[in-house]
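Undergrad: Sequence:
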Amino acid sequence: GYDQQSAIVGQSDAIRDVIKIAEQVAPSQASVLIQGESGTGKEAIASFIHNRGTRKDKPFVKISCAALPDTLLESELFGYEKGAFTGAVSQKEGRFELAHNGTLFLDEIGEIIPSLQVKLLRVLQEGEFERLGGTKVLKSNVRIISATNVNLANAIKQKRFREDLFYRLNVITITIPPLRERKEDIPLLVSHFLKIYQEKNEKFLNGISEETLDILTDYIWPGNVRELKNVIERAVVLTQESIITPNDLPENIVKNLIKDRKMSVPFGMPLREIEKKIILETLKRTNGDKEITANLLGIAPRTIYRK
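Start counting the sequence shown at 1; every next residue gets the next number (the working numbering).
These are calculated hints, taken from the structure and not from any lab test. We put the CB at the ideal spot given by N, CA and C, even for glycine. Among the clues, some could well be false.
[Stated by the list, open to error] Restraint ranges, calculated between C-beta atoms of paired labels, are given here: (1) Glu-202 <-> Pro-246: 37 to 45 Å; (2) Arg-160 <-> Ser-209: 46 to 54 Å; (3) Gly-268 <-> Gly-298: 21 to 29 Å; (4) Ile-299 <-> Phe-85: 24 to 32 Å; (5) Gly-268 <-> Glu-211: 35 to 43 Å; (6) Met-269 <-> Glu-23: 31 to 39 Å; (7) Val-265 <-> Ser-64: 40 to 48 Å; (8) Thr-239 <-> Lys-277: 35 to 43 Å; (9) Ala-84 <-> Glu-211: 20 to 28 Å; (10) Leu-271 <-> Glu-181: 22 to 30 Å; (11) Glu-211 <-> Phe-85: 22 to 30 Å; (12) Leu-271 <-> Lys-203: 18 to 26 Å.
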């Protein structure tokens, strides 16, 4: 059903575009690949698509491909027969069976090992599979929505991801922008989460101070919407005031901004040193995230590794 905590909130052009594509693709049966950094709300978009599609009364089943070891992932996806391996004391239905006639959401699809990619491809092409240790061919009618926070094109180049599987999953691509690229949505998200966590904790406040909102809007949000959600929940729980103040925010967020958003470079400093200083300062602000640092500076992540 509709989950308030994972609602898609925003009025920026970037998020409106995402919602528009999601609405257009929802009634179809096409596979959708959702791309975006961790915490941007990929699962929220997946359930949005499911809830507006023809399968909305059928199951929405999700599995995170990164959360499970490879052997376990296979038995979770396809199920197993009793005695298929040590510890398989009874038959178990896999996610493909549980999602029959509904939607299967494969999160962090880039983490699946090649041998399992082959099996997945077969289900997508032929609509059938067997349980582990089983011989009976089972039919699968699921709509696949997958998500990734890695660059699959790179993974294909490095032979870590099958190109044929990529094309099967990637009929429609939806790219969710990171929070730092839709800053105008931050105040809306803040009030959305404030409402949720005040109700949840039965603690009603008079909102948030302007200064606090400014700090939140200026912060880079390496963890995106998920990080913002956690920050607001924490603030609601911890605050002693009737209004959220900078004191209710985690130290790393406040510290980042108090130092001022400018950086001074002494006159006559060699260019190489300036570059190093900028990279290190930016890394500090992004909590050491090399991908985001590279994006902000407009350089390739490997440049940062190299330096």
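Undergrad: Does each hint hold? Answer for all of them.
TA: Status of the hints after comparison with the structure:
Under the hint 37 to 45 Å, the C-beta atoms of Glu-202 and Pro-246, about 24 Å apart, miss the expected range. At roughly 47 Å, the beta-carbon separation of Arg-160 and Ser-209 lies within the given 46 to 54 Å, and the hint holds. Separation of Gly-268 from Gly-298 is about 25 Å and conforms to the stated range, judged on CB atoms against 21 to 29 Å. Distance hint for Ile-299 and Phe-85: a CB-CB separation of about 47 Å, inconsistent with the stated range 24 to 32 Å.
Taken as a hint, the range 35 to 43 Å holds for the pair Gly-268 and Glu-211, whose Cβ atoms sit roughly 37 Å apart. As the Cβ distance of Met-269 to Glu-23 is approximately 52 Å, the hint placing it in 31 to 39 Å is violated. Val-265 and Ser-64 have their C-beta atoms about 43 Å apart, which keeps the hinted 40 to 48 Å range intact. With their beta carbons about 36 Å apart, Thr-239 and Lys-277 fall inside the hinted range of 35 to 43 Å.
Between Ala-84 and Glu-211, the C-beta spacing of about 59 Å breaks the proposed range 20 to 28 Å. For Leu-271 and Glu-181, the Cβ-Cβ distance of about 28 Å falls inside the hinted range of 22 to 30 Å, so the restraint holds. Range check, Glu-211 to Phe-85: Cβ separation about 58 Å, and the 22 to 30 Å hint is violated. Taking the beta carbon of each, Leu-271 and Lys-203 are about 52 Å apart, not inside 18 to 26 Å as hinted.
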